[in-house]
Amino acid sequence: MPLSDYRIDAEPFYAPQGDEIDLFAASHALRQPVMIKGPTGCGKTRFVEHMAWRLGRPLVTVACHEDMTASDLVGRFLLDADGTRWHDGPLTLAVRHGGICYLDEIVEARQDTTVVIHPLTDDRRVLPLEKKNELVRAHADFQLVISYNPGYQSVLKDLKESTKQRFVALDFGYPDPVREARIVAREADIELDAAELLVRIAQRSRNLKGHGLDEGASTRMLIQAGRLMGRGVAAAVAAQIAITLPLTDEPDLRRTLAEAVDACL
Amino acid sequence: MPVASGQDPAGRDPRARVEALAARLHAAAGADAEAAWRAGLATVVERAGPSSLVTTSLVDAARACLDAGRAEALAPLAEHAPDLLARAGRRAAAAVLTEIPRLLPRLPAQGDVARVLGTLARLAERAPAAVEPLVRTSPLLLVRLEADAYDAFVETGVAHAGGDAGRLVAFVTLSSREGRAALEAEAGERPLAERAPWLARFVAAILGVHPLVRPASVEGDPRAARRTRFDGRLVLLPESFRGYRGSAAERLERAALAHVGAHLAFGRGRLDPGTLKPVQIAIVSLMEDARVERLAMAALPGLARLWLPFHDARAEGAQTAESLLARLSRALVDPRCPDEDPWVAKGRTLFEAALADPDPAALRRAAGVLGNDLGQMRVRFDAKAYVPQPVYRDDNSGLWLFEPDAPPPVDAPEIAAQGVRIETTETPRTPPDRERRERGADAPHAPARPRDAGEESRLVLRLPEWDYHAARLRPDWVSVLDERPRTAPAHLVDRWIEARPATLSRTEALVRQARIGRPKRLRRRAEGERLDLDAAIGAVLDQRLGLTPDPRVFETVRIAERDVALVLLLDVSESTKDTIGGTTTSVFSVMRDATAVLARVLDALDDPFAVHAFASNGRENVHYTRIKDFDERFEAPAKSRLAGLRPGLSTRMGAALRMATRALATSRAHRRLILLVTDGEPSDVDCPDPRHLVEDARKAVQEAAALGVDAFCVAVAPRDEAALATVFGRANVAHLPRVEALPDRLPQVYCRLVR
Chain A
0 MPLSDYRIDA EPFYAPQGDE IDLFAASHAL RQPVMIKGPT GCGKTRFVEH
50 MAWRLGRPLV TVACHEDMTA SDLVGRFLLD ADGTRWHDGP LTLAVRHGGI
100 CYLDEIVEAR QDTTVVIHPL TDDRRVLPLE KKNELVRAHA DFQLVISYNP
150 GYQSVLKDLK ESTKQRFVAL DFGYPDPVRE ARIVAREADI ELDAAELLVR
200 IAQRSRNLKG HGLDEGASTR MLIQAGRLMG RGVAAAVAAQ IAITLPLTDE
250 PDLRRTLAEA VDACL
Chain B
0 MPVASGQDPA GRDPRARVEA LAARLHAAAG ADAEAAWRAG LATVVERAGP
50 SSLVTTSLVD AARACLDAGR AEALAPLAEH APDLLARAGR RAAAAVLTEI
100 PRLLPRLPAQ GDVARVLGTL ARLAERAPAA VEPLVRTSPL LLVRLEADAY
150 DAFVETGVAH AGGDAGRLVA FVTLSSREGR AALEAEAGER PLAERAPWLA
200 RFVAAILGVH PLVRPASVEG DPRAARRTRF DGRLVLLPES FRGYRGSAAE
250 RLERAALAHV GAHLAFGRGR LDPGTLKPVQ IAIVSLMEDA RVERLAMAAL
300 PGLARLWLPF HDARAEGAQT AESLLARLSR ALVDPRCPDE DPWVAKGRTL
350 FEAALADPDP AALRRAAGVL GNDLGQMRVR FDAKAYVPQP VYRDDNSGLW
400 LFEPDAPPPV DAPEIAAQGV RIETTETPRT PPDRERRERG ADAPHAPARP
450 RDAGEESRLV LRLPEWDYHA ARLRPDWVSV LDERPRTAPA HLVDRWIEAR
500 PATLSRTEAL VRQARIGRPK RLRRRAEGER LDLDAAIGAV LDQRLGLTPD
550 PRVFETVRIA ERDVALVLLL DVSESTKDTI GGTTTSVFSV MRDATAVLAR
600 VLDALDDPFA VHAFASNGRE NVHYTRIKDF DERFEAPAKS RLAGLRPGLS
650 TRMGAALRMA TRALATSRAH RRLILLVTDG EPSDVDCPDP RHLVEDARKA
700 VQEAAALGVD AFCVAVAPRD EAALATVFGR ANVAHLPRVE ALPDRLPQVY
750 CRLVR
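Going down the list, the sequences are from chains A and B.
At position 105 of the first sequence (counting the first as 1) the number is 104 in numbering that gives the first Met the number 0, and the numbers step up by one without a gap.
At position 280 of the second sequence (counting the first as 1) the number is 279 in numbering that gives the first Met the number 0, and the numbers step up by one without a gap.
So that you can see chain A by itself, here it is in the shape it has in the complex (with noise of 0.2 Å):
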């Protein structure tokens, strides 16, 4: 079984946020095209990951970036010692095998890298293999999931309009503040009132988007302070590393957001 490496043995943890298992799992039901939206951290890798395992198909996840090719996603020819050899890409992998193919941050690649997707977001569910002169049919298993943070994204980095389109879209925010500090805790494993201190400390921060950041604290930057502090750091210290120091370099508003973090504690 080619793919049973991009198989999902136990179960990763997820706390739902609302009723996006059951929305994913009637899209999967379907076969469509999923598109995740939401901030940096906020656990749409994992969510996917998730229901992977929960549908029991492999995972095959490709974090894109801007110096993708077509030739990364589908495959290419590489030689050896016998003379070229087809190696499949990871998208054609999943397309062949039947999986879950889990495009990261989509909008990194370039767009011309981008539509090679298109055959297999429409009802044709193809993927053509210009150089190995194949088409490939989807596998009935197979379904695409992109996720892309919409935050960040300048104008030139959107996606294409008749890419958009092919998507059903989930819309991910950090979880209400009861919610991260359960995930934080359990994620971390850290007494509840100290992860409910991060996420006090990481709604700070939050305030402080468009006024200066980018983004606030993420979840993820949650965890990883948690645990620091399981492992016996101070919390305004793993504050400072986990969040503070790795969020901005300007230093008006690393003092502003370290005298944030100093009034939660």
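Simulated from the structure, these hints should not be mistaken for lab results.
As the structure is a computational prediction, the values presented were derived from the model and not from experiment.
Certain hints may be false.
Said to hold, decoys possible - Where chain B lies over chain A, by a calculated footprint (3+ residues, C-beta under 8 Å): (1) 21-29; (2) 245-257.
What the hints assert, rightly or not - Footprint (simulated), chain B over chain A, 3 or more residues, beta carbon under 8 Å: (3) 72-81; (4) 207-217.
Unchecked claim - List time: in silico SDA-like cross-link candidates among lysine to any residue, alpha-carbon distance up to 20 Å: (5) K36/A / L158/A; (6) K36/A / V61/A; (7) K131/A / D338/B; (8) K130/A / R194/B; (9) K208/A / P550/B; (10) K131/A / A498/B; (11) K208/A / L252/A.
Here a beta-carbon is modelled for each residue, glycine too, at the ideal position from N, C-alpha and C.
Chain A is fixed; fit chain B onto it per the hints.
The following block gives chain B in isolation, referenced to the frame of chain A:
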């Protein structure tokens, strides 16, 4: 006052007094100090007479210093007194000597008195008329400034006034805006206008409310400026709080803003004073302050560390209304503070009960009871003199619908005026990269967009200037008039160009040659349009040998595009009117012809470039002329501006370089160049020190480099080559001993730079 009398109160012989002092000094500071003191005194006596005001002032000052245990101050007093007397006159010298003993508490360190006297003596040399006004303001200045900063403040004033005594006096007495700004700057604090956005962000971060923080004007109601005031989201913050400086002042400002933030976040709308008496209004305000702070501290425990240290009211002393109210303030927010006073204790109990009561009127009822109690205790409350305690609290006017004796509400015109100012002046800023522009209106250094400059509109910009002497950047020091210049018929430019056919064709050939980007083959690529034959053969060879071949068998072609943006910056100062030896041609006209030729060629080849010119008449009058901007062609409008360009005035190079840097800051070109054509070193009418503008220009070049803009200089028969080498670096200056060569050399320099 002992000084004014000139008489010894004990009626003893003046000589005996001096001897007694000398003996005390000898005992306290040793023989050297005594000798210095005697020498200084003798000089003063000789010049002014033994019973003059200056002499008696000196003796009195010396005694006061000894009494204060500051024997070390006597030698500097004696050393500087004769200088002050000789340069600034008797009156000023006596004023200094009278004032020094009173300043002693403000000058705690060993050498402080000597430093301040040194500052005064140096000032006496350059601007004697300003000594007395300065010494009269000194108590105020030294509250905020340490001795070194005091000196820097005075130096700034001297530099600022540029020889104008009236301006200097206004500066040191803080009656001019510049003086107040310099005080703020030297106090080690950034101007409030600069701090305000960060204070607003602090409050936004902790409480999620977004106040607009503005400096409260110092003029106007003095009471208003002692406390913060808010009116809805608008917060007026005093420029400084008396007695707070440095980090203590910063903490106070944060505390004040957090307090207003708590009102904004937890307030319940403005209250109607109704029939409440002033004391009851004060108590309701105080309780409302405590209520919002308690709620804020419940959410953010760290705020207790910010606020509580300011509560210093103690449960002791006389029972005045002020002290009782301050103690109540403290008791309500600081549960650990013991206060056995029955009134305060009752206030605490009533407050806790009112907090538990969901009815907002409960606080009011409690305050009514407490106010009546105060009345029955016959404690007098002076509503006019009352200021809420502690210092970080606001003046309460924002809590009430109207306050009978309140000064008029924040006047809108002031805010509007500020808006206009923001619109027409740009403060220096880092380049507006795209992210910043997207951040919204109050982003740091948000560029204030100048209105579209029409043909005749003048735009005033304030730029900083580097003062090497003080080693600091003086903000908003230079005013630049960014103007569209006079015009003249455009065909003149074509005529000048055509008068130099040989130069034109040489330039065209040169620039075109330099421009043609040769296509470059990039071999051994993992991807590319075609096979790299050598690599492919190698790969097949490896295959046959049974080795793993290198997969990089492609090649691709990339045309290396020249990606340059150029600002050609012309120094059109007075000296360019000079004619070249033996001809009637001026340096300026050669410079203009060279510009015309290069501009035509660059324009024909679509290279992005701008032509700007500058001249200055003091720091308030730097003329910056945009002959051609990046986004226009070198056609009739630009040509007629070049034709209309006239030489005159001086060379404030740093300001011009900063302007050119700003013009390039938005360019996306890979290489961004300033090519300055000048005939000499920087100079201006208000800068007697030739090094000042050289150092400033050097700083401007460094600032440009930090922003990725390279500055080069073509020096046409310069008088001072070393100065230009200092500014640009020796390798970045092209010297042209023969002015006539400029039209040919300028394109060469350009091509060399862009290669």
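Comparing the hints with the structure gives:
| no. | hint | verdict |
| --- | --- | --- |
| 1 | 21-29 | violated (count 0) |
| 2 | 245-257 | holds (count 6) |
| 3 | 72-81 | holds (count 5) |
| 4 | 207-217 | holds (count 5) |
| 5 | K36/A / L158/A | holds, 12 Å |
| 6 | K36/A / V61/A | holds, 16 Å |
| 7 | K131/A / D338/B | violated, 88 Å |
| 8 | K130/A / R194/B | violated, 60 Å |
| 9 | K208/A / P550/B | violated, 46 Å |
| 10 | K131/A / A498/B | violated, 65 Å |
| 11 | K208/A / L252/A | holds, 11 Å |
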